[in-house]
Amino acid sequence: MIRCNLAILLAERNLKITKVSKDTGVSRTTLTSLSNNYSQGVQFDTINTLCKYLKVTPEQLISYIPVDITLDKIDFNNENITIDLTVDKDNKSNKYSISGNFVFTFSYSYPEIDYISISLNLIKPFDNKGYETLIEAFKSLPITFLKDIENKIFSKVISSFGDTSISNSLIWSFKWPDEFNL
Numbered sequence: 020m021i022r023c024n025l026a027i028l029l030a031e032r033n034l035k036i037t038k039v040s041k042d043t044g045v046s047r048t049t050l051t052s053l054s055n056n057y058s059q060g061v062q063f064d065t066i067n068t069l070c071k072y073l074k075v076t077p078e079q080l081i082s083y084i085p086v087d088i089t090l091d092k093i094d095f096n097n098e099n100i101t102i103d104l105t106v107d108k109d110n111k112s113n114k115y116s117i118s119g120n121f122v123f124t125f126s127y128s129y130p131e132i133d134y135i136s137i138s139l140n141l142i143k144p145f146d147n148k149g150y151e152t153l154i155e156a157f158k159s160l161p162i163t164f165l166k167d168i169e170n171k172i173f174s175k176v177i178s179s180f181g182d183t184s185i186s187n188s189l190i191w192s193f194k195w196p197d198e199f200n201l
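Per our numbering: the sequence shown ends with 201, consecutive numbering throughout.
FYI, nobody ran anything at the bench for these hints, they're computed from the structure. No false leads were mixed into what you were given.
The calculated BS3-like cross-link candidates involving lysine-lysine, where the alpha carbons are at most 30 Å apart (straight line), are: (1) K92 <-> K166; (2) K194 <-> K108; (3) K171 <-> K108; (4) K175 <-> K108.
All chains should be modelled from the sequences, with the hints used to inform the complete structure.
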């Protein structure tokens, strides 16, 4: 997995994307995509420009871990959630399911949702050899990568509410399976 640490670097330096764009000539669209980790690719000259401007190395701007975790499917209804995912590690691809509880509450000014909580557990097959790979993959994730996965899950959950309003003061919590020791 690869992620860009631009948002962190900008926050540490109290810089805004507009200023960086003006100072470097890199478009705001590109900077926003990099900052939010939505970019499908980045040109070397952009990396070079940002590294020089922020006085960092490419390793500080871009993080890499030799594991890919893909969220294949997220299903939830009432109080249950199931997340199907694929872990690619050491040139092997394994599919897993994690399930758990899904709770949301409405604020006093119904119909705004003001709280979402997800608490996950592993669904282990009879032969759970492969689950060691999943557990190790999650244990190896830096917190920034883990938060990216959580944000993707919450984005999917929130988008499913459709016309229901989400409170501006939404509070959410996320609990990974105990086996992950996170």
